[in-house]
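Student: Each chain, letter by letter, is given below.
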Amino acid sequence: MMSKRIGKIGLGLVAALVLSTAGPTGTARAADKVSMRLDWKLVGYQLPFFWAKEKGYYAKEGLDVDIKLGAGSGKTINLIGGQQDDIGFADYMLTAVAASKGMKVKGIMGVIQEGAWAVISFADKPIKTPQELIGKSIAMTADHKPLFDLLLSINRIPADKVSVKIVSPATRNTVFANGNVDGFVSIVIGSPLEFVVRAKAGKGKPVHFMPFEKFGLSPLGQGVITNDQYITAKPAVLEKFVRASSKAFTEVMKPENHDAAVAIGLKLSETTPNAAAAVKLQLLESIPRFGTENTKGKPFGWMSEKDWAKSVDILVQTKKVDKPFPAQNLYTNKFIPQK
Amino acid sequence: MRPTSHADQRERLLNVLTPIGTIVVILLIWAAAVATFQVPEYLLPAPQEVLLRIIKDWSILMKHSWYTALSVLTGFVASVLVGVPIAFAIVLSRIVERMTMPILVMSQTIPKVAIAPILVVWLGFGILPKIAVVFMISFFPIVVSTVVGLKSVESDMVDLVRSMGANTPRIMLTVRAPSALPQMFAGFKIAICLSVVGAIVGEFVGSDSGLGYLLLTSTGSLDGPLVWSALFILIAIGMILFTIVSKAERLMIPWHVSIRAEETAIYQM
Chain A
1 MMSKRIGKIG LGLVAALVLS TAGPTGTARA ADKVSMRLDW KLVGYQLPFF WAKEKGYYAK
61 EGLDVDIKLG AGSGKTINLI GGQQDDIGFA DYMLTAVAAS KGMKVKGIMG VIQEGAWAVI
121 SFADKPIKTP QELIGKSIAM TADHKPLFDL LLSINRIPAD KVSVKIVSPA TRNTVFANGN
181 VDGFVSIVIG SPLEFVVRAK AGKGKPVHFM PFEKFGLSPL GQGVITNDQY ITAKPAVLEK
241 FVRASSKAFT EVMKPENHDA AVAIGLKLSE TTPNAAAAVK LQLLESIPRF GTENTKGKPF
301 GWMSEKDWAK SVDILVQTKK VDKPFPAQNL YTNKFIPQK
Chain B
1 MRPTSHADQR ERLLNVLTPI GTIVVILLIW AAAVATFQVP EYLLPAPQEV LLRIIKDWSI
61 LMKHSWYTAL SVLTGFVASV LVGVPIAFAI VLSRIVERMT MPILVMSQTI PKVAIAPILV
121 VWLGFGILPK IAVVFMISFF PIVVSTVVGL KSVESDMVDL VRSMGANTPR IMLTVRAPSA
181 LPQMFAGFKI AICLSVVGAI VGEFVGSDSG LGYLLLTSTG SLDGPLVWSA LFILIAIGMI
241 LFTIVSKAER LMIPWHVSIR AEETAIYQM
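Respectively, the protein sequence lines represent chains A and B.
Start counting the first sequence at 1; every next residue gets the next number (the working numbering).
Start counting the second sequence at 1; every next residue gets the next number (the working numbering).
In case anyone wonders, no lab produced these hints; they're calculated from the structure.
Where hints are given, some of them may not hold.
[What the hints assert, rightly or not] The following label-pair restraints were derived from C-beta to C-beta distances:
{"#": "1", "chain 1": "A", "residue 1": "Lys-323", "chain 2": "B", "residue 2": "Val-105", "range": "53 to 59 Å"}
{"#": "2", "chain 1": "B", "residue 1": "Trp-58", "chain 2": "A", "residue 2": "Lys-161", "range": "21 to 27 Å"}
{"#": "3", "chain 1": "B", "residue 1": "Met-99", "chain 2": "A", "residue 2": "Asn-178", "range": "30 to 36 Å"}
{"#": "4", "chain 1": "A", "residue 1": "Glu-270", "chain 2": "B", "residue 2": "Val-39", "range": "36 to 42 Å"}
{"#": "5", "chain 1": "B", "residue 1": "Ile-235", "chain 2": "A", "residue 2": "Asp-313", "range": "35 to 41 Å"}
{"#": "6", "chain 1": "A", "residue 1": "Ala-31", "chain 2": "B", "residue 2": "Leu-128", "range": "49 to 55 Å"}
[Stated by the list, open to error] Result set (BS3-like, lysine-lysine): computed pairs, CA atoms no more than 27 Å apart in a straight line:
{"#": "7", "chain 1": "A", "residue 1": "Lys-68", "chain 2": "A", "residue 2": "Lys-106"}
{"#": "8", "chain 1": "B", "residue 1": "Lys-247", "chain 2": "A", "residue 2": "Lys-68"}
{"#": "9", "chain 1": "A", "residue 1": "Lys-306", "chain 2": "A", "residue 2": "Lys-41"}
{"#": "10", "chain 1": "A", "residue 1": "Lys-161", "chain 2": "A", "residue 2": "Lys-128"}
{"#": "11", "chain 1": "A", "residue 1": "Lys-136", "chain 2": "B", "residue 2": "Lys-63"}
{"#": "12", "chain 1": "A", "residue 1": "Lys-203", "chain 2": "A", "residue 2": "Lys-247"}
{"#": "13", "chain 1": "A", "residue 1": "Lys-214", "chain 2": "A", "residue 2": "Lys-296"}
{"#": "14", "chain 1": "B", "residue 1": "Lys-56", "chain 2": "A", "residue 2": "Lys-323"}
{"#": "15", "chain 1": "A", "residue 1": "Lys-136", "chain 2": "A", "residue 2": "Lys-55"}
{"#": "16", "chain 1": "A", "residue 1": "Lys-334", "chain 2": "A", "residue 2": "Lys-214"}
{"#": "17", "chain 1": "B", "residue 1": "Lys-189", "chain 2": "A", "residue 2": "Lys-41"}
{"#": "18", "chain 1": "A", "residue 1": "Lys-306", "chain 2": "A", "residue 2": "Lys-60"}
{"#": "19", "chain 1": "A", "residue 1": "Lys-68", "chain 2": "A", "residue 2": "Lys-334"}
{"#": "20", "chain 1": "B", "residue 1": "Lys-189", "chain 2": "B", "residue 2": "Lys-247"}
{"#": "21", "chain 1": "B", "residue 1": "Lys-151", "chain 2": "A", "residue 2": "Lys-161"}
{"#": "22", "chain 1": "A", "residue 1": "Lys-55", "chain 2": "A", "residue 2": "Lys-323"}
{"#": "23", "chain 1": "B", "residue 1": "Lys-56", "chain 2": "A", "residue 2": "Lys-101"}
{"#": "24", "chain 1": "A", "residue 1": "Lys-104", "chain 2": "A", "residue 2": "Lys-267"}
{"#": "25", "chain 1": "A", "residue 1": "Lys-200", "chain 2": "A", "residue 2": "Lys-128"}
{"#": "26", "chain 1": "B", "residue 1": "Lys-112", "chain 2": "A", "residue 2": "Lys-161"}
{"#": "27", "chain 1": "A", "residue 1": "Lys-298", "chain 2": "A", "residue 2": "Lys-234"}
C-beta: ideal position from N, C-alpha, C; glycine also.
Chain A with its partners taken away, still in its complex shape:
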């Protein structure tokens, strides 16, 4: 009797052991944790990532995405290259420079495919052409200086004729508003639109934009990046991330979703509600730049080799990279959903 009882208990224990080591069909599979680093504090073109998280698109793909704000594309690229974060959102020109120096980073989903760099100045003392930069003081973060140097170089303006002030991201807009500098460098679809919103509300002076693209520098803008090691180790995760993000971008572009997307972005990034008007304007200004002539008819995020080659050419001509290298080394479309 006793031995039968022991036998039943033993059988039960063995069954429990077998079940506990069962495969996915027997247990819920934990979501893949993904660390994403943005390029800046909350900006309109980032809203679809927060939308995807809030709507559960990442969760449906089995991803637990932690979206972190950034402090400049250069820092984001360094973090991705150093494998401190898995996925990043950063400027593709800076990504190309980093890749040329041996950093193993790649673009995997183009977002701002038409670069939106500009020198911003007050409308009452506008800087309208690169020649008008001579003798002026221009603030920028260290990450943006290589692009500004490119602009000067293309327009044959000696670098020592322009007073460049390197500032921290936190200080840049403040020193401009305070009149410490004549202008600053930024992407148009980012924080400079806060000045536009303030001017419309009668709380500040209107600003003038001198777009780089009008003066020979129309590089790629920003997009999603990752490092080669992550591409090798987790291609399925990247495919799922891009798929969920593409769906979010398609939905956020619809006018009826703009306000909701802004509200979700403010909530998840813990940004003050005062920023709502500027963030919405940034989104509106970004949408036309989500593609180029070369990406027409292609799925969202698909990148054109011509656009990349043009950007590499600019870097080579202005000696920001030591020697030419194939544009195919800088990006991949293999994670873009075909439909």
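Fit chain B to the supplied structure of chain A, relying on the hints for placement.
Tutor: For chain B alone, kept in the frame of chain A given last:
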């Protein structure tokens, strides 16, 4: 016992060769590690690449070094000229002590990286905000070390001098101040190292010159050799300034036990 010239020479030779030898070993290990592990240049360039870059960009590095060194020295001297009299006032007057010490402590709890951007907005991009940050960062150790030094005089000595008719200012100048010099110099040595940090913090926040500016722009363009070149020059500036303060200490207080102990060690070899 008179020192032998051989012992003296050997000691002096060791004092010079030991640190140089240590640095050479570190550089060799560094070079070997970079070559062995194929470390990318933007992460950690080989030391010979850094040296070549220092030689190639010597004029640029010196131009920016001068700017940083100027803000370090100006801020440090200002903190000495302001800090030491305030310390004297604190020791002389209980009311001044009660008024200023809380403010001093509060000022130290404000992170300088938080106040530096505000200084740039208030004072602009010139050298002034950098000097202000250097001053704020080096002021506290100077005041505290001077106060401690002035208060550390044995009370018997003060009573003796007072019994001989000396008034408070005379006691301060002839008894307390000389006795406080060792602690003051300890504070100066800490402050001069902190001053270098303060200058770089100021330049990181907003600048158009200086080694901090150079570090930021070269990091932004992933120029590893230039980053490390600027770092080495910064280290050299800090070490030179620290050595100057140490030499001044040896000149001012040759009688102090810490200076005498070094001399005695030579004599006993």
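Student: Identify every previously stated hint that the structure contradicts and give their numbers, smallest first.
Tutor: Checked against the structure, the hints that fail are numbers 8, 9, 12, 15, 16, 17, 18, 21, 22, 24 and 26, while the rest are satisfied.
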